[in-house]
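These protein sequence lines map, in sequence, to chains A and B. FYI, the numbering for the first sequence is 1 to 563, going by full-length UniProt numbering. FYI, the numbering for the second sequence is 1 to 563, going by full-length UniProt numbering.
Don't take each hint at face value.
Said to hold, decoys possible - Residues from chain B that face chain A, not an exhaustive set, calculated with beta carbons under 10 Å:
hint: 1; residue: P216
hint: 2; residue: S318
hint: 3; residue: D467
Because the hints were derived from the structure by calculation, they are not lab data. Here the structure is a predicted model, which means the values were calculated and not measured. Glycine included, C-beta positions come from ideal geometry on N, C-alpha and C.
2 protein chains.
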Amino acid sequence: MSSPLPSHAAGSASHTTAGAARSWTTLRDEKNRRLAAVAPWLKDGVLPRERIVDALEQLVRPGDRVALEGDNQKQADFLSRSLAKVDPQRVHDVHLLISSISRPEHLALFERGIAHRVDFSFAGPQSLRVAQLLEDGQLEVGAIHTYVELYARMFVDLTPQVALLCAEKADRHGNLYTGPNTEDTPTIAEAAAFRHGIVIVQVNEIVDTLPRVDIPGSWVDVVVEADRPFAVEPLFTRDPRHIGDLQVLTAMMVIKGIYAPYGISSLNHGIGFDTAAIELLLPTYGESLGLKGKICRNWTLNPHPTLIPAIESGWVESVHCFGSEVGMEAYIAARPDVFFTGSDGSLRSNRVLCQLAGQYGVDLFIGSTLQIDADANSSTVTRGRLAGFGGAPNMGHDPRGRRHASEAWLKLLKDQGPVSRGHKLVVQLAETWKKGGEPTFVEELDAVAVGEKSGMPVAPVMIYGDDVSHVVTEEGIAHLHKAEGVEERRAALAAVAGVTPIGLTAKREKTDELRRRGIVAFPEDLGIRRGDAKRSLLAARSIDDLVTWSGGLYAPPARFRSW
Amino acid sequence: MSSPLPSHAAGSASHTTAGAARSWTTLRDEKNRRLAAVAPWLKDGVLPRERIVDALEQLVRPGDRVALEGDNQKQADFLSRSLAKVDPQRVHDVHLLISSISRPEHLALFERGIAHRVDFSFAGPQSLRVAQLLEDGQLEVGAIHTYVELYARMFVDLTPQVALLCAEKADRHGNLYTGPNTEDTPTIAEAAAFRHGIVIVQVNEIVDTLPRVDIPGSWVDVVVEADRPFAVEPLFTRDPRHIGDLQVLTAMMVIKGIYAPYGISSLNHGIGFDTAAIELLLPTYGESLGLKGKICRNWTLNPHPTLIPAIESGWVESVHCFGSEVGMEAYIAARPDVFFTGSDGSLRSNRVLCQLAGQYGVDLFIGSTLQIDADANSSTVTRGRLAGFGGAPNMGHDPRGRRHASEAWLKLLKDQGPVSRGHKLVVQLAETWKKGGEPTFVEELDAVAVGEKSGMPVAPVMIYGDDVSHVVTEEGIAHLHKAEGVEERRAALAAVAGVTPIGLTAKREKTDELRRRGIVAFPEDLGIRRGDAKRSLLAARSIDDLVTWSGGLYAPPARFRSW
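Looking at chain A on its own, in the form it has when it is part of the complex:
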């Protein structure tokens, strides 16, 4: 635990040049004042659970910026449920900083007036309610960010007065063991602890000795044992049973038409059945093409269960993770050559460092999207929903600060004279039509109307078309980076857009020319027979298969078990 410096120890020096004396310790003094109010309840920095609402009423003040840990995986839910119970007469108009608005009580904070303004990244499950609260004036959006952008601002203009975090275990000095889901906790703790913010941490358990220390006790002010283990979602688990033949076809095209010729050795996969199919084809189709050891060696990726067969088959050298995945703990601990693990044997994940690695350290980002326009702009925001972006914008763009070259990066170099540079591969995957019977390729993204209706200064686009190098559908691959000029780029995209409004603009002759020039590739151009694209090619066709591949180490959550 930190022992705050008495405010007289440093800082009240003034000098003649600047005129009137002022205090330079107002933030620290305010922190000490608030902590003093709860000090009688603490023992070794530990707050009794039943005091949490009282304590939050003392530690949070109206108008505070409060960073609430809640990303797309773990959630400080004991603290968020407790914050929703404070008296809105005492704590109101809080400015919430949160990665993912995903739990009912997050919305209750706004309905009760405890919070009013929010800066966030993602609101998938609650996006309809967020849009409604916004319309009703109960919620005000600062901005929607990509994950790391929100953390970046916590060190600039959005420094938190209070951070509400979670960890697996604390010892009696306030040292924290996060468990495999380290994720954002160290970053938010750093932003608050070193700017005189109050760091409050819910833990599953208080123990005498930690397996390892993830966050030092001198960064932590209050520890509270939660009523139950913090909430965590198995968001990256994809059941292979739901992968269809079309996704197998697309995955074959990606492996043979992109990964092999571009020499993709380091990469990130988004969430989705499309990319899960790629992972499950490496040990079968990829092996048959002789690609093992040549592609897909170093990953920045959560521990996707669908990666198990590729790991077991010796494809994977390393995986650095944003977070962990429920059920993968024992498997990860048994594969330390592949995963980043501590001296205790468990995973150490880190969202900021993995996003940094995924932005600057890998050659390819590939992910699925819900809508694409004629210029390859894409978004997961659809009508009436304010969903946000998560991590995709950070990894799904060409990082212009990159200065190292690689085989893949140089293949996208356009000769522009003596000052040229390569480009990251940014690949968007999409079926031309969505299950609901709506086209994926549209003339205008829903995001444009949503942005206008919500009063956003620019449309909430997830990935900008000029960053996209390739679009892959069940029809084929558009190598957009090879196209000359905007019109040809649109023609290449249209050529793979099927019978959608965009696809119908394709001209047969232009498409033929683009295929001859290698700008568009249909399966037959790649020597892939549509009839060969069968589920039977998948290295695992069920969760049960994944468990078998793992030698029984993978323990899927109940909802994914069929046995």
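Since the structure of chain A is already known, use the hints to place chain B on it.
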């Protein structure tokens, strides 16, 4: 200290699907094997100083990737000097990962054959020798990176087998206190410690109780007390005596012509007298324009001594730092409302998080450069030198993953239909001619020839022209982002390039038109009289003045003292 998991505790599971059993703990086993060889010399994880060369011969193996802490400020110099003493018969062909090649022994590592390959970011003081060693075949460059890009790769394809780090103090459990120069230490430690790399740390002192913990002991394998405190350079100190009237003029233009109209509240300043002049004009010229509280509130910046007058005058809300600055320790500790400090009162810096903040969280990057071409590409690489880039490429580009809007960012929005976005302000400062009598604006960057000669796949450009929004010289401001098309952009740049080869291409009539349209602004267009741009406007005109502003808290290094 970490207590390595016995290798039989987990990990040798195999399964029938994948065939032959393999070990999944080879990295951890190898680490344990090496540590076992030095275990007899350690007491509580502390190595006696005189054993360091013997220990390095046991802990480092030929071909290892070794991350040596050495950035543009602090240096693990006891460890680098010791590594240079190992027997090259035993330790050779090391692959060095280092931010800044700046000490003589770094070169000795290559001359003696201990190291052969290097991935780095910056080689300012040693750039001539690096170029020579490269030509002689004694050194092979993997790539030149921007700082965070090199760290990113430490989590992907350049994971270190050994990390050689430095800190101020350790306790007897291996917990580390970095002091104010936290910088890169936690990031490199994380990359090594969680990938079964060996973490060796030199400390100035071993103590019973640390002021605070910056890095937990469970991440550290070997601690050694160095022969003297680690080397640290006061690289960000600029003596105001060396700021001339021309720099005052340029700084006035930046404040009145860019900061004020664009509403720049969050920003990063590079190193240099140009930006130091801006810092020193805020409390005088800035105040006279009524800009206090409106601009320059939140900074991502090392603790520049020339920022003291602006801080004391109440301009500065917050400063988050990459590292610290020699002599600023007591001043920082006395201004915790402004700086990020720990519960112990001293600065916590963090290069990765500050670079993230500087990339995504601020509206403006401004820095000086040595050469600019007609398209505003710039580089600090000049003939015969392989200098590298440091942090500029990361902050000096438009971050295409940014999704939040701000007043300044939106002012650079070009209407491109429903899918538009703003742009970061990237400002390059330069005098049209360098002191040595060479033009700053050139037809081709020296970097092009250097890149070709060194066999680099692309020219080592520091900042790409298409990322640059403004160029400012003593002649005026070119608002490049307002220009229509490449030709007009070049004309705007030429208009402020003076009598250089580029400046001479300017046409009077076009320049007049650009001034009328607000694309080019000369001092008179901004209501600035060249005769008013005097050193007397600077809030401090000497280091001594800075000490006075600080109330005696700033303690400049001896080389900066005139008394």
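_Violated hints - listed by number, lowest first_ = Of the numbered hints given earlier, the structure breaks none, since each of them holds.
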